[in-house]
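*Asks:* Each chain, letter by letter, is given below.
Number of protein chains: 2
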Amino acid sequence: MNIDPSHPRAISLKIRDQLVWGKKQGLTSTAGLIAHGRGEAFDYLLGEKTQKFAQEAIRAAAAYLLLAKQPILSSNGNSSVLTAKEFIKLCHLLNCKIEVNLFHFTKKRAELIEDYFDKLSPGCVLLSRRNIPVVISNIASCRKVVLREGIGSADVVLVPLEDGDRCQALSRLGKRVITIDLNPISRTAKKAAVTIVDNIVRAMPLLIQEIEDLKRSPKSQLIKITQTYNNKKILSSALQFINNRLVILAKRQI
Amino acid sequence: MNIDPSHPRAISLKIRDQLVWGKKQGLTSTAGLIAHGRGEAFDYLLGEKTQKFAQEAIRAAAAYLLLAKQPILSSNGNSSVLTAKEFIKLCHLLNCKIEVNLFHFTKKRAELIEDYFDKLSPGCVLLSRRNIPVVISNIASCRKVVLREGIGSADVVLVPLEDGDRCQALSRLGKRVITIDLNPISRTAKKAAVTIVDNIVRAMPLLIQEIEDLKRSPKSQLIKITQTYNNKKILSSALQFINNRLVILAKRQI
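Residue numbers (our numbering), protein chains in the order written: chain V, 71 to 324; chain D, 71 to 324.
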């Protein structure tokens with residue numbers, strides 16, 4: 071679809087269009103489209119901008135990823151369609167792998183997404199047909215199956231657009247979970263070590279920038295960033311922001 | 071799909087299922103599914119009930135429609151799939167027509183929706199292949215094309231699930247725009263004369279009821295309803311309601 075760049079909601083419409091393209095390619099699930107719509111609603115409430123609490127979370131995420139012994143980038147349908155290039159850039163920056171992990175799992179879709187990444191940058195993504203699957207815990211979805219070389223042995227997992235169940239399971243296994251979630255009251259948001267309450271399309275390039283900025287910082291500085299970071303405080307700030315914004319908007323209407 | 075009526079989210083799942091059916095029939099667009107997801111999130115924040123501010127807006131909408139010289143009912147993919155019967159009932163009650171108008175326009179889809187209405191009740195819908203199209207303004211989408219006999223010459227337009235650009239353009243032309251929109255901070259919500267912040271599935275039957283109740287009222291009473299109605303106040307109440315609910319939800323989460 072041709073989206074007129076002068077349309078006031080051109081960016082949002084372009085993102086929708088990418089997902090519609092992803093659906094046609096078999097990368098995005100139908101349920102993923104509805105989930106994106108839910109994200110859009112929260113983005114409206116956040117003013118469709120990266121707010122201060124998100125910037126702070128991005129900084130902590132960068133520090134955690136740089137300190138990790140074996141980080142992994144977990145991607146699903148929507149995140150691969152919207153930010154494949156950013157995933158690959160992170161992959162090179164951190165010298166780590168991408169693992170495809172789907173809530174609405176089909177072998178075909180997982181392999182399509184893997185091939186999509188593999189074509190963009192060969193070797194970046196773990197191919198499930200060549201790796202050993204392991205079951206991490208009693209999660210009521212196919213996301214419990216992970217790859218031994220990937221999430222199975224990672225200490226820090228970047229998993230944007232996660233589901234709550236798995237976020238909790240990964241945390242229980244002692245892994246640091248970093249998520250990007252527009253909904254600050256989701257279970258994922260609460261269970262992650264770092265929750266970036268922002269649109270993935272805005273947050274991923276900022277995360278890359280932050281990693282590039284902190285890359286040469288001494289380890290002690292990175293540790294300090296992670297130690298002073300408080301995810302509950304960040305989520306609380308996000309909720310306060312939405313509340314304040316709603317109050318201001320309500321007044322403006324009167 | 072068989073949805074267990076005892077499922078806590080049976081109504082919501084049934085609505086999703088209707089849209090998935092609509093997608094298969096070619097009536098709903100893929101992007102329409104995303105838009106519905108956004109609506110779902112706002113409906114959650116509204117407690118999935120018709121609140122007082124929506125009831126007040128429905129009353130004003132009924133008065134405007136009864137006072138109109140030439141009202142028109144504008145339908146898109148989602149609204150036709152979810153509330154075709156209600157559109158037709160309104161059409162008979164108000165002795166007016168339905169016009170299909172799509173944001174993600176294809177001739178094929180527009181005609182499919184027209185045929186869908188026409189089969190349910192012949193003569194209710196304006197058929198684009200038999201009517202003269204006119205361009206109403208510089209809108210950055212195909213929605214700028216309307217039918218001369220329909221939106222082109224109407225004074226009051228009921229257009230649930232509208233986009234902001236067109237809502238503004240129709241208002242500029244001096245038409246009264248009545249919309250149903252779950253997002254109280256959308257441009258549509260702000261630009262319409264009457265914004266029913268509610269789920270279309272709940273609002274349409276209530277609008278029919280209200281029109282039936284007010285049908286025999288003197289014109290002076292209807293005018294009074296429209297004169298005392300304040301859309302800005304209504305939107306402000308909706309925002310306040312969401313705000314209060316978020317505060318309660320946030321407390322419950324923490």
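It should be emphasised that the hints constitute simulated quantities derived from the structure, not laboratory data.
All values reported here derive from a predicted model rather than from experimental measurement.
Please note that a few of the clues may not be correct.
Identical chains share a label here; the pair holds if one copy fits it or two copies do between them.
[To be verified] With a straight-line cut-off of 30 angstroms between C-alpha atoms, the simulated DSS-like cross-links for lysine-lysine are:
(1) Lys214 <-> Lys84
(2) Lys119 <-> Lys303
(3) Lys321 <-> Lys294
(4) Lys139 <-> Lys94
(5) Lys321 <-> Lys303
(6) Lys285 <-> Lys302
*Asks:* Provide an ascending list of the numbers of those earlier hints which the structure does not satisfy.
*Replies:* Structure breaks hint 4 only.
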